[in-house]
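Novice: Need the complex rebuilt from these two chains, each delivered in its own frame; the hints are there to steer you.
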Amino acid sequence: MSARLAFVLALIAFTSVTASQHAIAKDTEYLRLADSFAALSADPKLGTLAPVQMDRARAALAALKDGSRGDRPHLAYIAERRIEVARFTAQAVAAESERVTLQQDNDRLQLEAARRDAAQARRELEQQRLQAQIRAEEAERLAREAEAARAENEQSTQAAEAARAEAAQARRIADAQAKAAALARKEAELASGGPSSTPPPKAAPAKRRITLADSSFAAGQPTLSDSGSARIGAAVDFINAAPGAKVRIEATAAGDRSLATARAQTVRDALIGAGVAANRIDAVGAAGKGKSGQVEIRLEGAD
Amino acid sequence: MAILAGCGPTKPPSDDLGIASRNLAAARTAGAATYAPQELRAAEQGLAAANAAVAKHDYDEATSLAEESSVNSELAAAKTRLGKAREANDNLRRQNADLQHEAARHAEGASP
Numbered sequence: 001m002s003a004r005l006a007f008v009l010a011l012i013a014f015t016s017v018t019a020s021q022h023a024i025a026k027d028t029e030y031l032r033l034a035d036s037f038a039a040l041s042a043d044p045k046l047g048t049l050a051p052v053q054m055d056r057a058r059a060a061l062a063a064l065k066d067g068s069r070g071d072r073p074h075l076a077y078i079a080e081r082r083i084e085v086a087r088f089t090a091q092a093v094a095a096e097s098e099r100v101t102l103q104q105d106n107d108r109l110q111l112e113a114a115r116r117d118a119a120q121a122r123r124e125l126e127q128q129r130l131q132a133q134i135r136a137e138e139a140e141r142l143a144r145e146a147e148a149a150r151a152e153n154e155q156s157t158q159a160a161e162a163a164r165a166e167a168a169q170a171r172r173i174a175d176a177q178a179k180a181a182a183l184a185r186k187e188a189e190l191a192s193g194g195p196s197s198t199p200p201p202k203a204a205p206a207k208r209r210i211t212l213a214d215s216s217f218a219a220g221q222p223t224l225s226d227s228g229s230a231r232i233g234a235a236v237d238f239i240n241a242a243p244g245a246k247v248r249i250e251a252t253a254a255g256d257r258s259l260a261t262a263r264a265q266t267v268r269d270a271l272i273g274a275g276v277a278a279n280r281i282d283a284v285g286a287a288g289k290g291k292s293g294q295v296e297i298r299l300e301g302a303d
Numbered sequence: 001m002a003i004l005a006g007c008g009p010t011k012p013p014s015d016d017l018g019i020a021s022r023n024l025a026a027a028r029t030a031g032a033a034t035y036a037p038q039e040l041r042a043a044e045q046g047l048a049a050a051n052a053a054v055a056k057h058d059y060d061e062a063t064s065l066a067e068e069s070s071v072n073s074e075l076a077a078a079k080t081r082l083g084k085a086r087e088a089n090d091n092l093r094r095q096n097a098d099l100q101h102e103a104a105r106h107a108e109g110a111s112p
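If you read the protein sequences in the order shown, they are chains L and S.
Going by this note's numbering, the residue at position 69 of the first sequence is 69; the numbering climbs one at a time, nothing skipped.
Going by this note's numbering, the residue at position 55 of the second sequence is 55; the numbering climbs one at a time, nothing skipped.
Here chain S stands alone, though its shape is the one from the complex (with noise of 0.2 Å):
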């Protein structure tokens, strides 16, 4: 155990840790709880772990936790940035029909 033990880090794993902050706060700011309100929870979850680990002095699973949170974070941010963009497409596709819908029916009355 002693060994095993040996083996692991033996200082908090503090860039781990502000990648993954970091990375939490720029899925927050992108509208993650809207468009990726479970993977934002896994982050934040995730990176509260690490946290904890850091304070039993687990440095080892504490890295791997920061790792697992901002990976979660960048799913998060990506999934926003897919689902804004299918939104704003979503958008102009309906504005697109109701104008070519218009456009048509005008065509109609201009001659009939």
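Same shape as in the complex, but just chain L (with noise of 0.2 Å):
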């Protein structure tokens, strides 16, 4: 037998005084509760969120109501921890509810984060990047230069060499020209000896007469053949090479005085025509003996 008989039993026994006291503490007991369940069932966040439990809860204070005396301590625990299951499931359900909205919260942080340190790392790659290479061109450029100053080294060498081969060859090209020179006094010390005269190449210094034969002219005329425009240009040579030296030109022509002056004359004008100052010119002509003429160019004083 239960405790609880025993305590029914005993409440059987008491006066009706006791019974109506009992009857108040049961009212309050269950006033109470119902007042918890209609708080927590107007409550505007939790009051529909746990409906299963709550309903569990109101059949439970419907028990404790309507309950026997006998039962009442046990219906008043259970009506009481019912309304409490109802109140830890709504807070629970709300949570959770809660922790969706947390959670895509969290999901947009965590992709923000992500994606600034992505970002930073591009950062920090496109730094080293950059940093590479400036490096490379630093690397490059000091190529450059030591190449720069080898081509450098290079090209003055070269440009020694080519001085050198220069040097050369304006030796060579003098040497040339010395030969050249020294042929044409030759050929002009071999011209000036002329068919009758005595060709004296070793007296070329002290030569001082050039002579046009006969030949030299157009036949019983003034005017110079070409053989004698020729010697014209030799005897200029001559004439150059002494510039201090007066030219007397003498004329013979086989008994013929005129002609003989009129060749003096064609020769003085020839030689003024190249270049020899007039002033310098003494020409005479002369009859002459023999059967043939010439004209006899002579350096007279200084040369």
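For the record, the hints were derived by calculation from the structure and aren't laboratory data.
We put the CB at the ideal spot given by N, CA and C, even for glycine.
Treat the hints with caution; some may be incorrect.
What the hints assert, rightly or not - Here are some of the chain S residues that sit facing chain L, going by a computed Cβ distance under 7 Å:
| id | residue |
| --- | --- |
| 1 | K79 |
| 2 | L82 |
| 3 | Q95 |
| 4 | L99 |
Specialist: Right, here's the structure in full:
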């Protein structure tokens, strides 16, 4: 037999006064729990979140209200806990709902953080790339400078070689010119000898005269033949070689004095035409002896 | 006494005991030992008392105790569910606050 049964039996044994006191106590307990349930049910946030648990709490309250006196402590115990179960469940549902929002925020923030990290990583990578590029450019610059220095060195060597080659060429040209000049001199000397005169090449420095034979002129005429014009060219070189000397032209023409004078004049004009100063020249003609004539150009005075 | 005793059930409340037992197991599995130890202990003691009442053939008492054990297990489970949800929310709030702080710090650093 349970303690509660004994309690019920004891209650029956007691007077109606104590019974009414118990009725007040019973109502007080029920009213407290009913208020608690009503407050939870009216809660704007929690009231509707645990409908199943609320139904069971409501049923437990109804059982308490209708319960026999003997079951009251048990029914009150159950009703109180059913209301608590409904409250905790509603709070848990609200928290779980909030958790969805918090998780969405978390996902968003994590994504932002990941993007930041990625951007940071990209920046660092870019910076490293730039630094590497700077290093590479610096290395390339140094290499270019080294190459330029080497090339310059080579170029100066080449320039020196070119200068040497040029100098050698210039020497060769000078040699050739000297040779040509020597040959020209020799030719002039040979030419100045003429067919009848003795050709003394060794006596060239002392040479003071050049002769134009009768064949240097057209027959019986004062005009120069082709060979005569060539002789005039040689005579000019010979005259120019002694710039300080006077030039005397003496012509003879087989007893024809006027022809001799005309030929002397022709030679004078030719020399002046070739650039010999007129005041250096003195020309005379004479009849002369023999069959043919000649014209002699002679240098007189300082050379 | 005989009349009153005869009003009670004549066989063990196996359904109520079974429900109480399953509810207790569920509360334990959920983690009530951590989040609602007091309620879990009350449920355990209630189920033990119910079984003891069965042993004494006090089936009426056993039924009430089994029901009380059940409701305590349900309470333990509900409290555990709430405790877990709040714990998870607190963790998320902390994480989010840290992340927001970091974002603000970064924004400051990015554009001083």
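Novice: Hint by hint, note whether the structure agrees.
Specialist: Okay, the hints, checked on the actual structure:
1. Restraint check, S/K79 versus chain L: the minimum CB separation of about 5 Å is within 7 Å; hint holds.
2. A hinted interface residue such as S/L82 counts as satisfied when its beta carbon comes closer than 7 Å to some beta carbon of chain L; here the least separation is about 4 Å, so the hint holds.
3. Interface hint at S/Q95: satisfied, since its Cβ lies 6 Å from the closest Cβ of chain L, which is below the 7 Å cut-off.
4. Proximity of S/L99 to chain L holds as hinted, the smallest CB-CB distance being about 4 Å (cut-off 7 Å).
Checked against the numbered hints given earlier, the structure satisfies every one of them.
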